[in-house]
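Listed below are the residues making up each chain.
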Amino acid sequence: MTTLTDPPQESFRLSMLLNDTRYRSYTFQFIALIGVFLFIGWLISNAAQNLEDLGQDISFGFLGEAAGYDINQRPIEYNSQDTHLRASIVGVLNTLIVAFLGCITATVFGVIAGILRLSNNWIVARLMAVYVEAFRNVPVLIWILIIFFIMTASLPAPRAFRGDEPAATMLFDAFAFTNRGVYAPKPIWEAGSMIVVITFLLSVAGIFAYRRYATKLLYDTGRLLPTFWPSVALFFVPTILMYFIMGRPISLEYPEMSGFNFTGGMQVRGSLIALWFALAIYTGAFIAENVRAGILAISKGQTEAAASLGLRPNRIMNLVILPQALRVIIPPLISQYLNLTKNSSLAIAVGYMDVTGTLGGITLNQTGRAIEAILLLMLFYLTISLAISAIMNVYNNAVKLKER
Amino acid sequence: MSDTPHHSAAFVRTTPLPPAPPPATERGAIKWIRENLTSTPANAVMTVLSLVAIYYVLAFVMPWLLNGVWNAGSIRECREIAAGSGGGCFAVLTERWHQLLFGRYPQDAYWRPTLAFVLLFAAIAPVLFQNLPRKLMIFTALYPFVAYWLVWGGTILTPVFALLGFVVGYVVYSRLVDKSFAMGFFGGLLAAIVTWWVTGFASDAGSGLLALEQVESREIGGFMLNMILGTVCVSLSLPLGIVLALGRQSSMPIIKWICVVFIEFIRGVPLITLLFVANVVLAYFLPPGTNFDLILRVIIMITMFAAAYIAEVIRGGLAALPRGQYEAADSLGLDYPQAMRLIILPQALKISIPGIVNVAVGLFKDTTLVSIIAMFDLVGMIRGPILASTDWNGVYWELLGFAAVLFFVVCYGISQYSQWLERQLQTDRR
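Those sequence lines, one after another, are chains A and B.
Counting with numbering that gives the first Met the number 0, you get residues 0 to 403 for the letters of the first sequence.
Counting with numbering that gives the first Met the number 0, you get residues 0 to 429 for the letters of the second sequence.
To be clear, the hints were calculated from the coordinates, so they are not data collected in a lab.
These numbers come from a predicted model, not from an experiment.
Incorrect hints may have been included.
Residues of chain A placed beyond 10 Å of chain B at every Cβ, according to the derived structure [unchecked claim]:
no., residue
1, Val35
2, Leu42
3, Asn45
4, Gly60
5, Phe99
6, Glu132
7, Ala133
8, Arg179
9, Lys215
10, Thr220
11, Trp228
12, Asn317
13, Lys341
14, Ala348
15, Asn395
Just so you have them, the derived chain B footprint on chain A, three or more residues with Cβ under 8 Å [as the list claims (entries may be wrong)]:
no., segment
16, 116-126
17, 194-205
18, 237-243
19, 293-305
20, 372-379
We put the CB at the ideal spot given by N, CA and C, even for glycine.
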């Protein structure tokens, strides 16, 4: 008669840390941890020694000192007597502005080019292929410089707009493209303009609410409400009505020639336009490929299945193809936005004062606080990219295929 | 009385008619145009718009190219010769091509980087094309040492001893690896370090042996610098990326978190901040008194940058492998290094090759960023010495266009190769 006995319980021996796979991983991790700590400690002790030799220390006090330099493109009040901290904030805002403008424009370029590249019009498809390949295969820095030189070297100086027979004319009498930047009308907000803006925002919210309601009605009862024209009406009518009711509180200030330069209006620097446009058109080429891949990823069977259910082409697109294609398109799209934001640090090449130009450029050079400035700079970019990754994870979980 | 149709009809056809040719609108060029250019009114409008756009671009570019001036001493001379014909001033390329390609490299030694460049093709051919004889890989292994000697010069003993260290390390590793991977790895490492330490004295003694003229790192520039940074950083970041990817997939939490933090940190910051680190901060963190080349510091930072991205690509490849492969390796009784070396990595790397090539293209384009920290690569040369000179101040299009064409040729070539490879891999997986 055989009996099953438990294997003999071995007590823990020290050699098991090396020989037993159950415990060996602890040894490895312990060694790795010690190694990392030793490495970091070595770096820090080196830094401490070097700083002591140079008579420096680590302190963020320089952020409170007067910056002493001017920033030509400033979204908030700033002058050279303000602190380095405020200069950095101006830089951060400039980065966010160019990233925001760039992302929107890049999406427009990318979606158009991606869809047109799949067009059955041979010449359009080829043109888009040329656009995508030309921009994807040349460094973005070269595109930024090329567009910057178009802006500064090829456009007329403001004085070309002078006189009765000017060498250059303004577009619609409102936009002047000069080598100092683009002059555009500036909106003047008077009392009551806030109400118009709020009305506009409310009507945009109303459009979404209406569309949601229409979809719910469709799913619940099968009744189909028109969506396009009511959305257009909601978009324009309340705002325009309110605009006239409040007595036209928003007016435009046009740029005008006075002396040798333009006054009034809004000046958008050539460096901002070069950076914005170059980033948009470069990233747009990548987005075009993502969009194309997303549409191609949806198998033809989906279109045919939807058609056999009796759906019309635009409803097939809206209800069947797009929701599936977006699931493929959005994650790489967001990582392209992230790339664009990081690439906006190339602003320093054309003298646009983003956070790399202020905090990582002039502030660093003036104060000599390299470690602190670059640490803050990295933290800023890291925060943005971690925030965007977090949003992306939330989105991915929301659209994940619900499998059983 | 019967009347057969044979006699009443004048003619009866006994063979079938040949099919009529399709109507003129349904064949040849006309059909193609109808289907591809003017299938709907909207399509026709787009065709016309595209043609107009192409016309305007050509009307601008063709005179610029065809009437271009190729021989002149300065931009003013150029403008005089072109005299309103709209021709470009390509003379800057013929006059300054050496700066654009080689930076400030000594003129009488141009054959050295050129030879290294030609040999590069021989060295990467067996890596790129699997059907070439495997013996060519020996040259690939020798290439880095040859290229270093050619580009930087100095005595041949330095690269030879460096190579010797690797050889000794490999021999020790292959002796010990049968017992355990860790023993082989660390034994090989130790043997290599000892070899380098011993031969370090010898290379000082024989500094005149087969010496090429020494070239300082700061003299290296132009497109050559982009090529050097691109190839060196991609090849160095590949092993580092594999290690990081394996670390991130590891079941040991501490190792995993070290890798995650490293990868996410590097991927979260722009390359330009890492280059600032290389330029101004890195020196603080090294032992007092160490001072090494800016080019080496930049290579370290770009390699770390590329490794983080390559690690993510390889992680995708590892995740795409079916679970059964890992279990099969376990059931054969292979330990972790064996399973990775023999089963998992060969397959995972094969899947991730297209992604790695994409990272390589992106990295090669990003090497232009070094111009911002005052290194004179192709873009740095254009923005610095050439555009700042009184002779050529204002020649933007020709110079930047030349740079764009150079990068386009290389990057488009690599991406075409990657697509070709993707097709190759697809066929043998189905």
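Which of the numbered hints above does this structure break? Violated: hints 1, 2, 3, 6, 7, 13, 14, 17, 18 and 19.
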